[in-house]
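There are 2 protein chains.
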Amino acid sequence: MNRNLSAALIVIGNEILSGRTQDLNIKFLGGELGKIGIFLNEVRIIADNENKIIKTVQELKDRHNYVFTTGGIGPTHDDITSLSVAKAFGAELELHEPSAKKMREHYGSNLNEARLKMAHIPSGASPIETKITSAPGFKIENVFVLAGVPMIAKAMFDALLPELSVGPPIISRYIEALLGEGDIANQLEKIQNKFPDTDIGSYPFFRKGEIGLSVVAKGTNPEKINNIIYEVEKIIKSKNRKYKIDDDVI
Amino acid sequence: MNRNLSAALIVIGNEILSGRTQDLNIKFLGGELGKIGIFLNEVRIIADNENKIIKTVQELKDRHNYVFTTGGIGPTHDDITSLSVAKAFGAELELHEPSAKKMREHYGSNLNEARLKMAHIPSGASPIETKITSAPGFKIENVFVLAGVPMIAKAMFDALLPELSVGPPIISRYIEALLGEGDIANQLEKIQNKFPDTDIGSYPFFRKGEIGLSVVAKGTNPEKINNIIYEVEKIIKSKNRKYKIDDDVI
Chain A
1 MNRNLSAALI VIGNEILSGR TQDLNIKFLG GELGKIGIFL NEVRIIADNE NKIIKTVQEL
61 KDRHNYVFTT GGIGPTHDDI TSLSVAKAFG AELELHEPSA KKMREHYGSN LNEARLKMAH
121 IPSGASPIET KITSAPGFKI ENVFVLAGVP MIAKAMFDAL LPELSVGPPI ISRYIEALLG
181 EGDIANQLEK IQNKFPDTDI GSYPFFRKGE IGLSVVAKGT NPEKINNIIY EVEKIIKSKN
241 RKYKIDDDVI
Chain B
1 MNRNLSAALI VIGNEILSGR TQDLNIKFLG GELGKIGIFL NEVRIIADNE NKIIKTVQEL
61 KDRHNYVFTT GGIGPTHDDI TSLSVAKAFG AELELHEPSA KKMREHYGSN LNEARLKMAH
121 IPSGASPIET KITSAPGFKI ENVFVLAGVP MIAKAMFDAL LPELSVGPPI ISRYIEALLG
181 EGDIANQLEK IQNKFPDTDI GSYPFFRKGE IGLSVVAKGT NPEKINNIIY EVEKIIKSKN
241 RKYKIDDDVI
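The listed protein sequences correspond, in order, to chains A and B.
Under the working numbering, the first residue of the first sequence carries the number 1, and numbering increases by one thereafter.
Under the working numbering, the first residue of the second sequence carries the number 1, and numbering increases by one thereafter.
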């Protein structure tokens, strides 16, 4: 059996927990990692709190191949991710001179101490540089520290992508029909038991007042996925329902 | 100092981790809990995995006043939340007869074993019933188990609301201006130090190609919040920028 790589994401930000801001990075990272065969296995959303960040990084870095963090690397007093991650590794923050140089060029006389904070990364870390901002993210051991703003998080992820090991890609197909989950739950369970190493998910939806379901088969073996979808198709056909089959777009 | 109540949320679902589905319940619950003085202090997103659910519930229930879960209480094989939460408390799943009765009325001859699974709650739990579905959520000790579909999660939250203790409401106001975070980071830090028990957050935004920031003051003391916003207003005025002040709508 193919072994997939495992990742965790730590979302750092009071604004996500308070309901002020809708997180968009979880969906993005979960989908992008899956494409290269890395399973996002858990997500923690935590406050801008130094001890909490340190403990969470230390706990998760030993448990997963990769840990990503988003948020808290800006210039203000509540941006404490870089310092906290440095402390999690017993490292000091150091000025990254090439980033400082870019900032000097970009900000000119508006470059101040607060902005220069963003050019500091832990000793031993390597910067994650993008074209859309002079302030870098960074990688320290297996931990990747990204910005919280989705556009910047995405650019940083694209920049670090070549550094990730690639597992067998996770493939996902779905079949959907206007049918209640309970109508085929029993048969679905039998199919799942027949294909124990391929994940079958069943998700209800509501459209224009009608109830439907999507059955999603997800794994690394395309043949098994097609067989699962084919077996579900037979059930739905036997109930004379219209249906649709497609690759799962994430 | 007022002590606020603390909550955690466990989002259960492979579809959130894989990037298939955008979670909407975190933002909803974080905002609603804040209104009644309960801080959402951490969120865990985990897979549909029995051991993981059991361990996470056991860890968080002792650490927070309330724990909420969303997802995994439907009729299919991948809906294992109810059984896993029961096991976390050493309880058995039992048929909740009033919910079964509602289901019999609703489904008639389409009621099958899979659907009846949804009328089972742990021994000692109390059901969370809504008008939009016959399948209940439930409360066991300080853990509230809700559906994952946002519309149903919302109805269940409304139904359980009277059971929650209420803390001093968390109030939040913001001031926004077309100004870089780095331009006022230093002054913001001084204001934060002057009001240590009120949370000041600074969040950049990008609109029509322009960079701006929102400074959010959040806490339980309206006077301190107004003083903070007033001090930030003075700084922005001194820089001759337009600005806007409002209650933070969550």
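Careful: at least some of the hints might be erroneous.
Pairs involving identical chains hold if they fit within one copy or between any two copies, as the list cannot separate such chains.
[Claimed, not checked] In silico DSS-like cross-links for lysine-lysine, where the CA-CA straight-line distance does not exceed 25 Å:
#1 K244 with K234
#2 K190 with K244
#3 K101 with K61
#4 K131 with K101
#5 K190 with K55
What the hints contain is simulated information worked out from the structure, not anything from laboratory work.
No experiment lies behind these values; they were computed from the predicted model shown.
Hint check:
{"no.": "1", "hint": "K244 with K234", "verdict": "within (13 Å within a copy, 59 Å between copies)"}
{"no.": "2", "hint": "K190 with K244", "verdict": "within (22 Å within a copy, 59 Å between copies)"}
{"no.": "3", "hint": "K101 with K61", "verdict": "neither (31 Å within a copy, 49 Å between copies)"}
{"no.": "4", "hint": "K131 with K101", "verdict": "within (14 Å within a copy, 61 Å between copies)"}
{"no.": "5", "hint": "K190 with K55", "verdict": "neither (42 Å within a copy, 28 Å between copies)"}
Going through the hint list in order, the structure does not satisfy hints 3, 5.
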